[in-house]
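Participant: If you're matching them up, the sequences are chains A and B in order. Here my numbering runs 505 ahead of the position in the first sequence, where the first position is 1. Here my numbering runs 1300 ahead of the position in the second sequence, where the first position is 1.
Since the hints were derived computationally from the structure, they do not count as laboratory data. Some clues are possibly wrong.
[As the list claims (entries may be wrong)] Rough simulated footprint, nothing fancy, chain A against chain B, three-plus residues with beta-carbon under 8 Å: (1) 1489-1495; (2) 1527-1541.
[As the list claims (entries may be wrong)] So these bits of chain A aren't anywhere near chain B, every CB distance computed over 12 Å: (3) Arg534; (4) Gln580; (5) Phe665; (6) Leu679.
[Claimed, not checked] So the derived label-pair ranges between C-beta atoms look like this: (7) Met1461(B) with Gln684(A): 54 to 64 Å; (8) Arg633(A) with Ala1418(B): 36 to 46 Å; (9) Gly558(A) with Leu1566(B): 52 to 62 Å; (10) Gln1332(B) with Arg633(A): 42 to 52 Å; (11) Pro1588(B) with Ser582(A): 25 to 35 Å.
Predicted, not measured: the structure shown is a model, and the values here were computed from it. No residue lacks a Cβ here, since even glycine has one placed at the ideal position from N, Cα and C.
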Amino acid sequence: MTEACLTFDNLTLGYNRHPAVHHMTGVVRKGSLVAVVGGNGSGKSTLMKGIVGLLRPTSGTCSIAPGTRFAYLPQLSELDRSFPARVLDLVSLGLWPKRGLLGRHSAEDRQAVTQALLSVGLEGVEKRSIDTLSGGQMQRALFARVLVQDADLILLDEPFNAVDSRTLTDLIALIKHWQDQRRTVMVVVHDLDLVREHFPEALLLARRPIAWGEARQTLSAENLLRARQFGEAWDENAPWCGQPAHDLHETMIDHDGIARHRHVARCNPYAL
Amino acid sequence: MTASRVTGTWRDVIHMLYETLILPFVEFGFMQRALFGAFMLSLSACPVGVFLMLRRMSLTGDAMAHAILPGAAAGFLLYGLEIIPMTIGGLIAGVVVALGAGAVARFTIQKEDASMAAFYLISLSLGVLMVSLRGSSVDLMHVLFGSVLALNNDALILIAMVSGITLCALGVFGRALVAECMDPLFFRSVSRLGSPVHFLFLGLVVTNLVAGFQALGTLLAVGLMILPAAGARFWTQSVATMCLLSVAIGVCSSAVGLLLSYHASLPSGPAVMLSAGSVYFFSVIASPRGLLLSHLRRSAHGSA
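The following block holds chain A by itself, in its conformation from the complex:
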């Protein structure tokens, strides 16, 4: 039951030695549906990038259970919407993990693509070029691509930005369907009410984990206040993490010279 899909071990991720996710330890169980919440700059996207491997940890590790296929939908898609491609071509990109560079796209694959478009409510637009899609339709198409990827671990970074309520309802239904299929899903969400209503589990970040657990408890007023206190401050002169002047939790400190990074606030790791 408590099979781990994703394990963080004292994970620190950052840019220019300034950590954006700090000393994170914990386990994402297989088949769980986790909302990742927190203010701007709290490290949500950074965490996603760290999991996918687009960003190397400054220290600690983030390990995905062997054999896990993952799909990642970034917040700021680098998708070139003026690229001459049909919706079909865009969704077929999701076949890459299965077919790779030279594998032929079989009739079965094409069927999967059509089926995915049907599931996201985009039937009949296969042949349209991607620059004719509206924002909501594009988001649906990207969800279809995730569907085609047929992944065990699905990471969605703010997928509900700029979508209307009908699209939102459809996308939420898809996400819940994924959970029913025992897929592990992590979603970065801003709307806290949405999280309370639809997500069983939440992870509250403020450059370090503030709380992680059952969604309503995690998003308690007390936790949210604590998260706000950590704010977005980027202190250029923050002391090096690991300096003896700090009252550091001894189990958390295992820095070597290379992996040193600055602390924004005092080191005060939250035990998960």
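Given chain A, work out where chain B should sit, using these hints.
Facilitator: The following block gives chain B in isolation, referenced to the frame of chain A:
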């Protein structure tokens, strides 16, 4: 009586067309070579140009064409007008600039346009300096503008080889190129081929430019890459069709340009380029996605 006169007129027209369009290629070996060389070059350079354009790197192609100059010039200074040293020199210079600029862009905060501009300016200055060491401006003109009418066997073999290699590479890595172009971040999340494919592509650009500068010179080699692709973009929304169309435009402009150059005694390189340029302007104006129709359509729109 009338019928035979009409037939006679037709015969005259056909004869005239034959003399204008076909005879120069039948009669003169240098024209045949020029045509063959330009066709082979179009076959590979035009699809490469399509990808350059889709990656918004058209100006990078231009920069690369300048960047191969010092290598070609070094070969020229050391061995005179010999194809092999000039080719190898050009390849080395092109690869150094492409890799250098690419690496700066991938591993620092600087974007590729700035690093490429810096690298090619340095490279071009070096090239001009080296050619001027030797003296005459005729030499410089030759290196810069080439001469498709003086292609020897070595040059033809080189162009054919480059063309073959390019087509194979595009065939194998086409899907990765398209994916990396369409959604680079997604591609990085599913495959490690992103950076290798990028550098492979830059390599293809350099080899095609080096092959092209034998025929058209360093400055115009990039023209055969960019102009047909830029024109083809207006007619279709499919990458494959765009590649085929660009090749067709390239092949036609080569033939027309060579004929123009033959009949009107124009320099061959610019004649080929200007033919492709006319196709481009025609596409800008008259194609389905061009100025004319998109303006007309603005007032008459569908009901849904």
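Participant: Now look at each hint and say whether the structure bears it out.
Facilitator: Right, here's what the structure says about each hint:
no.	hint	result
1	1489-1495	holds (count 4)
2	1527-1541	holds (count 5)
3	Arg534	holds (23 Å)
4	Gln580	violated (10 Å)
5	Phe665	holds (19 Å)
6	Leu679	holds (18 Å)
7	Met1461(B) with Gln684(A): 54 to 64 Å	holds (56 Å)
8	Arg633(A) with Ala1418(B): 36 to 46 Å	holds (41 Å)
9	Gly558(A) with Leu1566(B): 52 to 62 Å	holds (56 Å)
10	Gln1332(B) with Arg633(A): 42 to 52 Å	holds (46 Å)
11	Pro1588(B) with Ser582(A): 25 to 35 Å	holds (28 Å)
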